[in-house]
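Participant: Heads up: the protein sequence lines correspond to chains C and B, in order. Residues 1 to 374 in our numbering are what the first sequence spells out, letter by letter. Residues 1 to 328 in our numbering are what the second sequence spells out, letter by letter.
Bear in mind the hints are in silico, worked out from the structure with no lab data behind them. Where hints are given, some of them may not hold.
[Said to hold, decoys possible] In the DSSO-like style, the derived pairs of lysine-lysine whose C-alpha atoms are separated by at most 27 Å in a straight line are:
1) B/K100 / C/K32
2) C/K18 / B/K100
3) B/K100 / B/K148
4) C/K32 / B/K140
5) C/K32 / B/K148
6) C/K96 / C/K82
7) B/K140 / C/K18
8) B/K165 / C/K9
9) C/K82 / C/K139
10) C/K71 / C/K139
11) C/K96 / C/K139
12) B/K78 / C/K9
[What the hints assert, rightly or not] Each pair of labels, with its calculated beta carbon distance range:
13) C/V258 / B/G101: 27 to 33 Å
14) C/E319 / B/R141: 55 to 61 Å
15) B/T121 / C/L299: 49 to 55 Å
16) C/S7 / B/D21: 38 to 44 Å
17) C/V258 / B/Q194: 53 to 59 Å
18) C/E319 / B/T121: 54 to 60 Å
19) C/A31 / B/Q214: 42 to 48 Å
20) B/Q228 / C/S7: 46 to 52 Å
21) B/P308 / C/R11: 55 to 61 Å
22) C/R67 / B/G101: 56 to 62 Å
23) B/G27 / C/A223: 42 to 48 Å
24) B/V210 / C/R11: 43 to 49 Å
25) C/A31 / B/S38: 41 to 47 Å
[To be verified] Here are some of the chain B residues that sit facing chain C, going by a computed Cβ distance under 8 Å:
26) V65
27) P82
28) E83
29) F86
30) T93
31) F95
32) A97
33) F98
34) K100
35) G101
36) S110
37) Y111
38) R113
39) S115
Fair warning: this is a prediction, and the values are worked out from it, not measured in the lab. Idealized CB from N, CA, C, for every residue including glycine.
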Amino acid sequence: MTIAITSGKARIWWAQIKAVIRLEMRKTFFAKRGLWIYLVAALPVFLFIAFAVATSGRQHQRASVARRGEKILTYQDLLAVKPGMTSEEVIAILGKPPVNFHWAENRPLGPGVTANVLRENYHYSDGQNDLFVGLLDGKVDSVNIDNGNNLGQDSIMFAGVFQFFFLRLAIFFGCLGIFMNLFRGEILDRSLHFYFLAPVRREVLMVGKFLAGLLATCTIFVASELLQTAAFLWHFSPSAREVYLYHNHGLEHAAVYVGVTILACVGYGAFFLVAGMLFRNPILPAAAILIWEAINPFLPGILKQFSVIYYLKSLCPVEIPSPPGTPPLLALLISNTDPVSAPVAVVGIVIVALIALYASSLQVRRMEINYTTE
Amino acid sequence: MSVPVNSPGNSAANDRIVFEDVSKFYGEILGVNRVNLSIPPGITSLVGPNGSGKTTLMNLMTGLVRPTRGRVEVLGYKADDPEHLFAILGYSTQFDAFPKGLTGYQFLYSYLRLSGRDAQTAEQMAWRTIERVNLVDAAKRNIAGYSKGMRQRIRLAQALAHDPKVLVLDEPLNGLDPLARSEMIALFRAAAAQGCYVIISSHILHEVDVISDQVILLSNGYVVAEGQIATVRGEIQEHPTQILIRCTRPRELAAKMLEDAHTIEVTIHKDEKGVLLKTRDADGFYLALNQLALNGNGNGIDIESIAPADDDVLSVYEYLIGNEEVVR
Chain C
1 MTIAITSGKA RIWWAQIKAV IRLEMRKTFF AKRGLWIYLV AALPVFLFIA FAVATSGRQH
61 QRASVARRGE KILTYQDLLA VKPGMTSEEV IAILGKPPVN FHWAENRPLG PGVTANVLRE
121 NYHYSDGQND LFVGLLDGKV DSVNIDNGNN LGQDSIMFAG VFQFFFLRLA IFFGCLGIFM
181 NLFRGEILDR SLHFYFLAPV RREVLMVGKF LAGLLATCTI FVASELLQTA AFLWHFSPSA
241 REVYLYHNHG LEHAAVYVGV TILACVGYGA FFLVAGMLFR NPILPAAAIL IWEAINPFLP
301 GILKQFSVIY YLKSLCPVEI PSPPGTPPLL ALLISNTDPV SAPVAVVGIV IVALIALYAS
361 SLQVRRMEIN YTTE
Chain B
1 MSVPVNSPGN SAANDRIVFE DVSKFYGEIL GVNRVNLSIP PGITSLVGPN GSGKTTLMNL
61 MTGLVRPTRG RVEVLGYKAD DPEHLFAILG YSTQFDAFPK GLTGYQFLYS YLRLSGRDAQ
121 TAEQMAWRTI ERVNLVDAAK RNIAGYSKGM RQRIRLAQAL AHDPKVLVLD EPLNGLDPLA
181 RSEMIALFRA AAAQGCYVII SSHILHEVDV ISDQVILLSN GYVVAEGQIA TVRGEIQEHP
241 TQILIRCTRP RELAAKMLED AHTIEVTIHK DEKGVLLKTR DADGFYLALN QLALNGNGNG
301 IDIESIAPAD DDVLSVYEYL IGNEEVVR
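Could you put the whole structure together from the sequences, leaning on the hints where they help?
Facilitator: Take a look at the structure:
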């Protein structure tokens with residue numbers, strides 16, 4: 001009998017949660033005041049599209065240079081050119097340069113003494129990579145190889161954009177915009193009483209609103225994440241894409257990024273839901289949480305655990321190396337000195353979110369409709 | 001209406017809306033103070049000037065605000081238990097805001113789905129309620145484009161949609177045209193006749209007088225009086241009861257009545273077809289009047305009617321609160 005009542009209640013609660021989700025989704029999606037969230041989510045997509053367009057342009061240029069060359073070159077051929085070689089030796093290996101230009105330079109040799117020297121630049125390409133050879137008076141002075149399609153480098157760039165823009169800013173502020181408004185926005189609109197007049201447990205209402213926010217943010221940011229991946233891979237050849245996706249963990253990384261995006265929405269969403277109930281002005285809690293997340297690497301171990309980014313960083317599939325010469329403080333921000341295992345990270349975020357949701361449930365029970373004081 | 005199995009709402013002892021020593025302060029501002037009420041079925045009007053605590057009392061009853069002190073129960077349900085409370089209670093608030101982008105029909109449908117009803121039932125109940133408040137033509141229009149009267153009606157519809165046992169209506173007739181007012185009053189009366197609890201706040205006293213079974217008079221956050229209007233009037237000792245007697249030869253009647261010890265003041269009516277008497281002992285006065293009526297023909301006085309002249313809400317309100325901020 002008890003079980004029957006409990007399951008009956010659970011069925012009603014689930015029906016009520018679905019009703020809340022339907023209503024909230026109607027308000028959240030395509031709402032004018034939420035348009036900036038779409039823009040923020042779309043920014044990295046635009047970035048990768050722009051990068052792909054620029055890279056494709058250079059790719060066409062490389063192909064054109066390669067076609068105009070005397071020989072069909074390989075990457076090994078490009079690597080064969082070394083400083084100190086003569087122009088004849090270079091031409092013997094790579095053929096006549098398809099693109100070259102030269103000029104005379106007046107160089108000081110001593111006090112009041114100058115000499116004209118010949119400067120030359122040769123540009124070769126194997127169709128994928130560029131070789132720029134600088135010659136001074138017929139001898140190779142500098143060799144510069146520009147790797148066109150370097151998936152390794154590009155995946156680090158992708159990881160950088162994901163960690164430092166998408167996670168810390170786009171999802172952070174997107175969740176702020178959506179989750180803080182779930183209750184606060186309706187208090188400002190003076191329409192929250194609509195929910196409070198229905199025979200719904202306040203906790204059920206809170207869960208419904210949280211899930212609606214989660215559905216909205218996950219839809220927006222997972223879609224953005226998938227579009228970013230598509231834009232990121234767009235300019236690679238189908239074979240390079242296949243190698244990256246199926247043999248170099250590309251597909252696995254894409255799935256992990258989607259998972260991290262969802263967990264970020266869960267973590268930040270729960271934080272901002274409770275913040276929206278506790279604070280009238282969203283700027284203060286947003287700034288506090290942003291600073292808290294930013295100083296996470298400098299916090300003692302126990303405090304680190306009460307942060308979303310602490311767990312998310314550990315889940316990111318690509319480690320971002322600190323460039324040589326990076327200041328120690330910045331290097332600490334970039335690197336993940338104290339990573340946790342994936343299961344611990346997932347459970348950690350879920351626990352942090354549950355703690356925030358529990359605080360929300362206590363707060364929502366105490367909430368009163370008193371619009372005049374808001 | 002749905003009342004949960006084994007709920008306190010089924011107990012015969014829980015057939016009242018109870019306020020027990022309830023106070024509500026908004027910071028340092030008094031909402032209501034030391035309210036003790038036990039409201040029976042029927043139409044109960046909350047009457048008082050602006051800021052007297054009518055809306056606070058309704059919000060306390062419905063759990064939208066929590067008492068600083070004391071206990072509120074509606075038919076045995078605690079006010080902070082919305083899941084059960086709003087299964088038996090509908091509240092039409094004065095808040096003139098709605099969830100954005102909804103039509104009148106969607107507003108009601110969503111409310112009923114929130115109550116856990118399935119799509120088909122919610123649709124049927126929504127349309128039935130829309131018909132009850134006469135909003136069929138506007139049901140598919142966005143609420144943002146509704147007139148004030150239409151918004152009032154859709155709020156009433158929200159309160160009525162799930163056939164609640166308790167109706168709490170904050171200024172429900174505001175913005176309605178005369179025809180709609182009379183339709184709504186008929187609707188409230190029908191609900192009360194079926195045993196519902198209809199709690200209405202109003203500052204339009206003649207409407208309160210017409211529709212109320214009992215009144216609760218509020219002033220500055222305190223309950224000044226409660227009960228049936230005539231009973232409340234009877235308890236106001238400092239103001240003598242006024243009785244209007246329609247009769248022939250009013251001057252003779254006035255002279256006779258002044259001889260009676262219960263009469264303290266007699267005024268001849270302006271139309272010279274009756275007298276207005278004041279007495280502090282209405283029962284004694286009526287006995288004396290009966291005696292006079294029996295002998296009336298001997299004096300040539302024909303009494304046509306006897307009616308209390310000040311046992312309406314307006315008079316009670318004026319005696320207890322004054323005549324501020326009310327519409328007669």
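Participant: Against each hint, give a clear statement of whether it holds in the structure.
Facilitator: We went through each hint and held it up to the structure:
1. Under the criterion of a C-alpha separation no larger than 27 Å, the hint pairing B/K100 with C/K32 is consistent with the structure, at around 11 Å.
2. Distance check on the hinted pair: C/K18 and B/K100 sit about 18 Å apart at the alpha-carbon level, within 27 Å; holds.
3. A C-alpha spacing of about 17 Å is found between B/K100 and B/K148, which places the hinted pair at or below 27 Å, so the restraint holds.
4. As the CA atoms of C/K32 and B/K140 are separated by approximately 22 Å, the hinted pair is consistent with the 27 Å bound.
5. Taking the CA atoms of C/K32 and B/K148, the gap is about 25 Å. The hint holds against a cut of 27 Å.
6. Under the criterion of a C-alpha separation no larger than 27 Å, the hint pairing C/K96 with C/K82 is consistent with the structure, at around 16 Å.
7. A hinted pair counts as satisfied when its Cα atoms are at most 27 Å apart, and B/K140 with C/K18 qualifies at roughly 23 Å.
8. Distance hint between B/K165 and C/K9 is fulfilled; the C-alpha atoms sit about 22 Å from each other, no more than 27 Å.
9. Between C/K82 and C/K139, the direct Cα distance comes to roughly 10 Å. Compliance with the 27 Å bound is thereby established for this hinted pair.
10. A C-alpha spacing of about 21 Å is found between C/K71 and C/K139, which places the hinted pair at or below 27 Å, so the restraint holds.
11. A hinted pair counts as satisfied when its Cα atoms are at most 27 Å apart, and C/K96 with C/K139 qualifies at roughly 15 Å.
12. About 19 Å separates the Cα atoms of B/K78 and C/K9, which keeps this hinted pair within 27 Å; it holds.
13. Checked against the given bound of 27 to 33 Å, the beta carbons of C/V258 and B/G101, roughly 30 Å apart, stay inside it.
14. At about 57 Å, the beta-carbon gap between C/E319 and B/R141 stays in the expected band of 55 to 61 Å.
15. For B/T121 and C/L299, the hinted distance range of 49 to 55 Å is satisfied, since their beta carbons lie about 53 Å from each other.
16. Take C/S7 and B/D21: their Cβ atoms lie about 40 Å apart, and the range 38 to 44 Å holds.
17. Taken as a hint, the range 53 to 59 Å holds for the pair C/V258 and B/Q194, whose Cβ atoms sit roughly 56 Å apart.
18. A beta carbon spacing of about 56 Å between C/E319 and B/T121 agrees with the range 54 to 60 Å that was offered as a hint.
19. In this structure, C/A31 and B/Q214 meet the distance hint of 42 to 48 Å, their C-beta atoms being roughly 46 Å apart.
20. Here the CB-CB span from B/Q228 to C/S7 is close to 47 Å, well matched to the stated 46 to 52 Å.
21. With their beta carbons about 57 Å apart, B/P308 and C/R11 fall inside the hinted range of 55 to 61 Å.
22. A beta carbon spacing of about 58 Å between C/R67 and B/G101 agrees with the range 56 to 62 Å that was offered as a hint.
23. In this structure the supplied range 42 to 48 Å holds for B/G27 paired with C/A223, their Cβ-Cβ distance being about 46 Å.
24. In this structure the hint that B/V210 and C/R11 lie 43 to 49 Å apart at CB holds, the actual value being about 45 Å.
25. For C/A31 and B/S38, the Cβ-Cβ distance of about 46 Å falls inside the hinted range of 41 to 47 Å, so the restraint holds.
26. A distance limit of 8 Å between C-beta atoms decides the matter here; for B/V65 the minimum to chain C is near 5 Å, and the interface restraint holds.
27. Hint status for B/P82 relative to chain C: holds, with the closest Cβ pair at about 6 Å, below 8 Å.
28. At its closest, the beta carbon of B/E83 sits 5 Å from a beta carbon of chain C; the interface hint therefore holds under the 8 Å criterion.
29. Hint status for B/F86: holds, given a least beta-carbon distance of 4 Å to chain C, under 8 Å.
30. A cut of 8 Å between beta carbons decides the hint on B/T93: the least distance to chain C is about 6 Å, and the hint holds.
31. Taken as an interface hint, B/F95 checks out: its beta carbon lies about 5 Å from the nearest beta carbon of chain C, inside 8 Å.
32. Because the beta carbon of B/A97 sits about 4 Å from the nearest beta carbon in chain C, less than 8 Å, this interface hint is met.
33. With a cut of 8 Å, the hint placing B/F98 at the interface with chain C holds, because the nearest CB-to-CB distance is about 6 Å.
34. This hint holds: B/K100 has a C-beta 6 Å from the nearest C-beta of chain C, less than the 8 Å allowed.
35. Nearest Cβ of chain C to the Cβ of B/G101: about 6 Å, under the 8 Å cut. The hint holds.
36. At about 5 Å, the closest approach between the beta carbon of B/S110 and any beta carbon in chain C falls short of 8 Å, and the interface hint on this residue holds.
37. Look at B/Y111: its Cβ gets to within about 6 Å of chain C, closer than 8 Å, so that hint holds up.
38. For B/R113, the shortest C-beta to C-beta distance to chain C is roughly 4 Å, which falls under 8 Å, so the interface hint holds.
39. With 8 Å as the threshold, the beta carbon of B/S115 comes within range of chain C, its nearest partner Cβ sitting at about 5 Å, so the hint holds.
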